[in-house]
Amino acid sequence: MKKKKILFHSDFSLAKTGFGRNCRALLSYLYKTNKYDIVNYCCGTSEASPDLTRTPWKSIGCLPSDAAELSKMNSNKDPQFQRDANYGAYMLDKTMAREKPDIYIAVQDIWGVEYATKKPWFDKITSVIWTTLDSLPIYPNAIKMAPKVKNYWIWSSFATKKFHELKHTHVKTMHGAIDESSFTRLTNDLRLKHRNAQGITDDTFVIGFVFRNQLRKSVPNLLEGYSLFKKKNPDIKARLLFHTHWKEGWNIHRLADEYKIDKSEILTTYICRACRKYEIKEYKGQDQRCEKCDQKTLVTPSVACGVTEQQLSEIYNLMDAYCHPFTSGGQEIPIQEAKLSGVVTLVTSYSCGEESCEEGSGTVPLDWAEYREHGTEFRKASTLPSSIAEKLDYVFKLDPKEKFNLSETGRKWALDNFSLTSVGKQVEDFLDSCEPTKFDFSKLEEKRSFNQHAAVPDIEDNSEWLIYMYKHILDMEVDGNDQGHKYWTQQLSNGQQRQNIENYFRKVASEGGSENKELKLSEILGNEDEGKRIIYVMPDSEVDVFLSTALFKSLKELYPDCNLYVATKKENQSVLDMNPHVHAVIDYIDEMDDALWLEGRKDHKGFFEIGFLPYVNTQRTSNYSRNGKDKIAFDITY
Amino acid sequence: MHLIESYALNSGAKIDKPYIYDKFFPLSFGNDFIVIQPSSELKSKRYKYWDEVLDILIPKLKEEDIKIVLVGPQKGMTINDPYCYTTCGQANPNQLSYIIEKSALYVGPDSLASHIASSENKKMVVMFSIATPSSCEPYWSDENKVISLIPNMKGGKYSYSSNEIPSKIDTINPEKIAESVLSLLGIEFEYDFETVYIGNLYHEPYLDHIPIDNKTITVPKVNVVPNVRMDLNFDEQALHAQLLTSPACVTTSEAIDNALFNVHKNGIEKLTYIIDKDGSSDFVRTLHSHMIKYNMISYLSEEEISPLKEQYMDYGIITHKKKLTKKDFKQINSIKLSDLYFKSRKSYSHGGKIYPSRPHIEEGEASKSIKPRVLPVIDHEDFWEDQEHFYFLKKKA
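For the record, the sequence lines run as chains A and B.
Going by the working numbering, the first sequence wraps up at 638, each residue one higher than the last.
Going by the working numbering, the second sequence wraps up at 1397, each residue one higher than the last.
Hints listed in this document are in silico derivations from the structure and should not be mistaken for laboratory results.
Be careful, since some hints might not be right.
[Claimed, not checked] Result set (DSBU-like, lysine-lysine): computed pairs, CA atoms no more than 30 Å apart in a straight line: (1) B:Lys1176 / A:Lys277; (2) B:Lys1293 / A:Lys58; (3) A:Lys162 / A:Lys172; (4) B:Lys1176 / B:Lys1371; (5) A:Lys425 / B:Lys1309; (6) A:Lys570 / B:Lys1023; (7) A:Lys94 / B:Lys1176.
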């Protein structure tokens, strides 16, 4: 029997991101069933990446490896287009046509997959959107697309409930999968042994936080809460353990000074870039000396250089409490990892934390105050430092048995709801219930059609005007939250003229885009020979410039009153040294590709009477070689 | 259409001779020299077999006291023969023009140098590769002063690409280039062989050491690190002995004792682990923990490798390899085996001696040095396995 083919559109399964780890865990599970033909379509990864061959299933990059294709893609400077391309939009149709999957599963941030729902095949085959939504009110596009997305999965029940309130009851919760075999509670002896190896004494109360050092992780709140906790318990030996990268995001030491926390009380994980062993100690900067390698190779963990899951489990086991204050989040995987490692967790009870704090989760909830995020108006949580202090005090004072029971409850809850066994089985059952596709992928074509001549009505509101142009010129459905929309809104508020933006959209539609650089060529040329200039443009290659010198005598004979300028890149200019026919050599710039920009049109008077761009037929497109079989009917030599 | 014709038609101008201002470049000899451009900014125009051309050419030029000057970029330049005076990476276009103006002949790819030589109406051998010759041929030369060498296109079309795999230019036979140069210079040409096939790895030197009886190899004065072939004879003691003598690469299909890495981890430049069905990721983990550079290869089929990837995917890519046999040597049916010869830059070291191929070990035919020699082929499966390292030649009747 033919295996069902699944196209799993997400981060590359070996990427150290939440989506990447979910992808790896789940695809490993599905691969072992031997029931499916699996393809991982990898966001942000080049087709040519050799790492794609490492996985037992097929992995495909979403960015073109072909230089010409890449150049075409990059010529479109619209930020929305570029972001979508990184998420996989540029190659998605081509990939679908080639792979012909029975089931398409897109697992990504909502803006990383929403374009997929507009594809002609999306509702013709079994398609799943499996996304993270972390704030209220729910992202409007996510709601708008709900009727069209039959299989709509959200990583946290927090958002699912809101969909149900809006009568989209088919939306369901599907947690990101965590491979429970990697995260275990160590025996007490082993745990103490690991702590001692890291210089952590038995009587130290270690409060851990595993996080990407970014704005939405409430580091200041935790430091303030810790400070309050220490004030209340001045005699206890406590330490914060931040498993994070210190070269980005929050300046932790500056905040520590503000909250009067001794820096030696803040430990961090260092990983050796060479031997990959980790050490827990006070942060003293990057590139610290690794004792094993005797080299300056110790750095704090990042997406590029992290610990293994087994090491991470050991690090959780060093902790006495795991505290995760955050403004909002899709699932916050470290919370479940900490639970699976047998650590009592303290979690902000907003966003996905609402679910983490549900009855039976074994979580100690942290109280929070609401604030609104500038620009999006999303509700966000600011975790109360007083609550952090109070709950740390509570956990610290729990007797060992109560603490064990609480952590066991949390571990069971995480196993029931987030383990690979649990999530993998749900996905497997779903896949088994799907019918193979009958969709004819051979008819799949790029439906997006640019219209550079589309009429744009006089719309007063800037936002609506931009949305109209996206839709009718670039055939893109966007709203105010899209990157491109935000970019152009900002440009308008900075005084950019509407006409210029409209021209840019039309140019993108007609050519695939080009940058609108400021240029002051007129300053280079001066006024002396205005009206008596001709230019010969040859951007590339010493060979082409050398060959071109064979034409200059003739050009001077044809235009004896004009000065001949030659534009080429700096590296070719010595070929023109002392050339008796050339008035001046100037640097080539992209704008010179437009003959009318050189010669003038409408209100732009141009710079030269004639612009010769003979390279267009040889360097921009190959329109001369003709298999060496073409002929010229007249003599073009002296 | 030639490039210059395209430019002329576009700009409505007539074609004269091109112009470049010559600038002096110091040369330590007179005008009796030829110019070779061995490299190019474009990878697809870099010819790999200049050493073979020079092997034929230099003795003849020496007889006539004609020197060789190398021009062009330094990047990709591999000639290291004391008879050649190199200006690679040193002369700008104006100085290049000065050198060519003084020379007797140019040989190399179509390039700035070839067009300058044409504008000077110099004798020239031009090697075409990526573009149709009529679009970039010497435009200003007399016909009798130019020999154009065309690659074997095998029915295909020109790529117009800066990077070709394999490079078409390499299908031009070395003896053809040498013959063309000598012919234009009016020097008689005699050579007993003609090229049959040049393996893709022939241009790179290799030294494979089969460990046995603690016999070690002293690294010769070439830029090559010995590769200890534990897959051919698993002898940890001999590996230990070799690593005490010099750094080495290691190829193995079995796990090597961890204790050896404790002593020699800095002496192993790279380890190639051949993965079979019984392979274990524990060994790769060991390599990883010792920070030893490694790569993983397998001769298993894709279907057999896929299930194994799960245990190795955290440690890198498993490259699929195919063992070559006599059947893979496509020319075998058109040539009598007795007329077939080979040269190799890959040598085997065994028991303290150097051999030009593995079957030569069995036959006890050692070499005096690792310098390639023309030898008759040996019809043995181990010989054919290395065929991509060989330069095959046919003896002329």
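Against the structure, the hints:
Note on lysine 1176 (chain B) and lysine 277 (chain A): the hinted pairing is violated, with a Cα-Cα distance of about 58 Å set against a maximum of 30 Å. Simply put, lysine 1293 (chain B) and lysine 58 (chain A) have alpha-carbon atoms about 26 Å apart, close enough for the 30 Å limit, and the pair holds. About 11 Å separates the Cα atoms of lysine 162 (chain A) and lysine 172 (chain A), which keeps this hinted pair within 30 Å; it holds. Distance check on the hinted pair: lysine 1176 (chain B) and lysine 1371 (chain B) sit about 22 Å apart at the alpha-carbon level, within 30 Å; holds.
Note on lysine 425 (chain A) and lysine 1309 (chain B): the hinted pairing holds, with a Cα-Cα distance of about 23 Å set against a maximum of 30 Å. Our distance criterion of 30 Å between C-alpha atoms is met by lysine 570 (chain A) and lysine 1023 (chain B), whose separation comes to about 19 Å. Taking the CA atoms of lysine 94 (chain A) and lysine 1176 (chain B), the gap is near 45 Å; set against the 30 Å cutoff, the hint is violated.
Violation of the numbered hints given earlier is confined to hints 1 and 7; the remaining hints are satisfied by the structure.
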